[in-house]
Amino acid sequence: MGTTASQLPKDLLSEYQELTFLTKQEILLAHKRFTELVAKEDRNDPSPRVPMSKILTLPELKSNPFRKRICHVFSTSESKDGSLTFEDFLDLLSAFSDSATLEIKSHYAFRIFDFDDDGTLDRGDLEKLVNCLTGETDDTRLTPEEMKQLINNILEESDIDKDGTVNLSEFQHVISRSPDFVSSFKIVL
Amino acid sequence: MSEGEMTRLKEEVEEKKKLISTLRNKPWRMRRRLECLKDAQQFVEKFEGALGKGKGRKLYAFKVMMTKKWIKFNRDFENFKTACIPWERKIKEVESHFGSSVASYFLFLRWMYGMNLVLFGFVFGLVVIPEVLMGLPYGSIPRKTVPRDEQAKAMDFSVLFEFGGYCKYSFLFYGYYNNQRTIGLLQFRLPLSYLLVGVGSFGYSLMVVIRTMAKNSNEGGDGAEEGDFTFAWKMFTSWDYLIGNSETADNKFASITTSFKESIVDEQENQKDENIHLRRFLRVLANLLILCSLGGSGYLIYYVVKRSQTYANMDEDELSWFEKNEVEFVMSLLGLVCPPLFETIAELEEYHPRIALKWQLGRIFALFLGNLYTFLFALFDEVNAKLEREETIKNATIWAMKEHYSNFSELNNSTAITPLSINPADVMRGPCWETAVGIEFMKLTVSDIQVTYLTILFGDFLRALAVRFLNYCWCWDLEAGFPSYAEFDISGNVLGLIFNQGMIWMGAFYAPGLVGLNVLRLLTSMYFQCWAVMTCNVPHERVFKASKSNNFYMGLLLLILFLSMLPVVYTIMTLPPSFDCGPFSGKQKMYDVIIETIDKDLPAFLGTLFTYAANPGLIIPAVLLMVLAIYYLNSVSKAYKHANNELRKKMQMQRDEEKNRRNNKDSTNQVMKDLEDLLPKKSPISASAKENAEVRSELGDKPSKVSQKPGAVATGRGVNLQRDVSLAMANPRMAVTRPPGPRGPSALPGNTLQVPGGRGRGRGQNPRR
Chain A
1 MGTTASQLPK
11 DLLSEYQELT
21 FLTKQEILLA
31 HKRFTELVAK
41 EDRNDPSPRV
51 PMSKILTLPE
61 LKSNPFRKRI
71 CHVFSTSESK
81 DGSLTFEDFL
91 DLLSAFSDSA
101 TLEIKSHYAF
111 RIFDFDDDGT
121 LDRGDLEKLV
131 NCLTGETDDT
141 RLTPEEMKQL
151 INNILEESDI
161 DKDGTVNLSE
171 FQHVISRSPD
181 FVSSFKIVL
Chain B
1 MSEGEMTRLK
11 EEVEEKKKLI
21 STLRNKPWRM
31 RRRLECLKDA
41 QQFVEKFEGA
51 LGKGKGRKLY
61 AFKVMMTKKW
71 IKFNRDFENF
81 KTACIPWERK
91 IKEVESHFGS
101 SVASYFLFLR
111 WMYGMNLVLF
121 GFVFGLVVIP
131 EVLMGLPYGS
141 IPRKTVPRDE
151 QAKAMDFSVL
161 FEFGGYCKYS
171 FLFYGYYNNQ
181 RTIGLLQFRL
191 PLSYLLVGVG
201 SFGYSLMVVI
211 RTMAKNSNEG
221 GDGAEEGDFT
231 FAWKMFTSWD
241 YLIGNSETAD
251 NKFASITTSF
261 KESIVDEQEN
271 QKDENIHLRR
281 FLRVLANLLI
291 LCSLGGSGYL
301 IYYVVKRSQT
311 YANMDEDELS
321 WFEKNEVEFV
331 MSLLGLVCPP
341 LFETIAELEE
351 YHPRIALKWQ
361 LGRIFALFLG
371 NLYTFLFALF
381 DEVNAKLERE
391 ETIKNATIWA
401 MKEHYSNFSE
411 LNNSTAITPL
421 SINPADVMRG
431 PCWETAVGIE
441 FMKLTVSDIQ
451 VTYLTILFGD
461 FLRALAVRFL
471 NYCWCWDLEA
481 GFPSYAEFDI
491 SGNVLGLIFN
501 QGMIWMGAFY
511 APGLVGLNVL
521 RLLTSMYFQC
531 WAVMTCNVPH
541 ERVFKASKSN
551 NFYMGLLLLI
561 LFLSMLPVVY
571 TIMTLPPSFD
581 CGPFSGKQKM
591 YDVIIETIDK
601 DLPAFLGTLF
611 TYAANPGLII
621 PAVLLMVLAI
631 YYLNSVSKAY
641 KHANNELRKK
651 MQMQRDEEKN
661 RRNNKDSTNQ
671 VMKDLEDLLP
681 KKSPISASAK
691 ENAEVRSELG
701 DKPSKVSQKP
711 GAVATGRGVN
721 LQRDVSLAMA
731 NPRMAVTRPP
741 GPRGPSALPG
751 NTLQVPGGRG
761 RGRGQNPRR
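Taken in order, these protein sequences are the chains called A and B. Taking UniProt numbering, the leading residue of the first sequence gets 1, the next gets one more, and so forth. Taking UniProt numbering, the leading residue of the second sequence gets 1, the next gets one more, and so forth.
For reference, chain A alone in the conformation it holds in the complex (with noise of 0.2 Å):
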């Protein structure tokens, strides 16, 4: 401790306030967890990348099950990899926080419920879905016959214009009537 990048600067700081939904004390917050997952040879770096792996290590993300998916919708590296740089954390936590727009949420939603990420919901990203979060084991998922059921019933109400995916626009639909989604939709360090 004591380098640059361990002391997060105060303009930076006020910067940060300025562009995301999270308060001082949680960036100050944010930015100690995030240095302590910060790998000792990077420590002296500017702008430090941490593996997935180890964020995956984070209490609030180890038991969700689009853990992985969310590391990657957040990540910015060139390589794929799901890592994040502390802007990309700040971009999580500002997309998790209280006081984020209901837009901002379900854009994110629908970027992490996007398995393929090809800019709909098909029927192969439903069905990894509904595995996700049916459990790992055999006797909690679903058989089949109940998936096609399920994803028969869910494209119905949700696909508007009948293309057999759901968009962004007809998942924003959906959600923005949801009353639980904003509250359930939130993740705090």
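Some clues are possibly wrong.
To be verified - If we take Cβ atoms under 7 Å as the criterion, some of the chain A residues that face chain B in the derived model are:
#1 T23
#2 E60
#3 T76
Hint data in this document are derived by calculation from the structure and do not stem from the laboratory. Just so we're clear, the structure is a prediction, and the values are computed from it rather than from any experiment. No residue lacks a Cβ here, since even glycine has one placed at the ideal position from N, Cα and C.
Given chain A, work out where chain B should sit, using these hints.
Relative to chain A, chain B alone:
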């Protein structure tokens, strides 16, 4: 620079400033946002300096500096406020283990604590402290002294615990306060302050509750019916991202799977043939049983309170502890026993769990309300009895005084009479009904606290210990079967909190110390219950969200607030205060203090103003006006609801139309159908769907314009429609690159006649290659 350029530049600067403030709403990468911010800030700085030249420069620069300082001050204040909120860590831990529904109880508890702290500040600062510091000390006047015959036992713990002895004659209760109009150097008007604080606490509580309700209702999603999106919501919103504990996560997985399977089965099994008549009969029977038990509990309380009045007339030493505390004991027992009884009776009814929960809450509410009001009525009888006794004592004291004067003048043959000087402890006292009422409320609160803590200790903690340690030597698995670990009863605890607050509101006027007691209670509750939850409880197995429940509990709180205000206001307006204790002694009615203040302290014209304002000729028209305003607002809101419904129906119609079009391609427009047949066959459905999306976007101006009518409340939805549209277009993966082509058929007069406004989709099937 010319004027036009200046204004244009000013506009651009304003735009950049707006951009800066909305940057956090954009779903970009942090890098991009930082660059954008820097650009915008540089622009603003450069041109704000330029704008500052010319006339009004100094004022402009000053304004700019003040705005910047104000923004910074706001941000620092927000940070400070967040830092001051207590118990964040604790609640977050509970949240990560139990999910957001259990944590909502603790958030409610914290909110209550804040409100009670403010009330305590008012009462303590404006009533207790002035009397203690500037008023007469203990022992100087009769109302502040323990009577001679009670002095022997005044320090006993059992007496103090019952709030008798020194407690009764302390600042905790109404009777201690002196009725001097002004006290001390500052001429502090204590009786006026007492009355205003009493009424003001209700006003403050009302304001705070309504403000929270408004905030909660803004957050909730608007209006979609429950059945509209069951599956989609279950899929997308059922995971609680605050869960940070693997055991809870496993539970959540299991409950999500169960709920998926159940809804799939439900969907298939919608026509279930059952015996409606049997069910109806069972429900009527259940309701009858519950009404009987409610009536029974009300009668029990009435009987017990009446009996306690006869006990009060007997000598205290002959009564056992049980007989002395019978009322509180019975009330707490009822509050403990009846809710599980209701739950078992409700199993006859076989409702869906969410509906069953609502019924259960309603019944518990009725139980508590009935008990409280029966208690009040019985207390009221007692008060009347005391008032009668007071009359006799008052007459007796006046008679004794007259006798002393006549004896004195007889003996000394002079007209100058010195008043009798008796030790305050020996003066004959009236029965001071307000202090008696205050004591009752204090005892009730204390017994409520005891019962809550004991239930947690025995019901949760000992049970958990027993299950854990007896499991080693028991025949069946205690942890999995009966009794297993307890789950945290959210609704029971929240209702308990609400009713406790109702009692505090009722009793605070007669016992200023009650609010302090409540603050202590809430503080210890927070720590104790957090510990108990983490140690002895397990997460719920079936989690179904009573999602709008936040406002439901706030609504209950509001109702209780009104119901607790009624008795207090009634007593202020109708009952005469005791003649020898409290800040209103000697007056005919308690509110006479206000009239006295208006007469003596305020300038004369204000007095005449108030007399005019209190004229019935003015008040009745004012009340009529308010009733008319309520009626008007009611009809306006009905109109909005109607407009909402129309819009919703329109959207539903559009969706159904799309469905029909996709399913049977049966165009309603005959001309279009013919044209379609002439055209080359279309390739995949998705291409035309994309076309439809974009055509609907441009022709969708119509429906979105409709929704932007000034009267429509659904501006949010209107804006959403527009935003849907723009976001759909911005999605990079949807290769909607074709511009809308020439609208051949729509130019034909025949079509415009046949196909009205929103059905522009019919026209959308254009040749476009």
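Cross-check of the supplied hints:
The interface hint given for A/T23 is met, as the beta carbon of that residue sits about 5 Å from the closest beta carbon of chain B, less than 7 Å. At about 5 Å, the closest approach between the beta carbon of A/E60 and any beta carbon in chain B falls short of 7 Å, and the interface hint on this residue holds. A least Cβ separation of about 6 Å between A/T76 and chain B falls short of the 7 Å threshold, and the interface hint therefore holds.
The structure agrees with every numbered hint stated previously.
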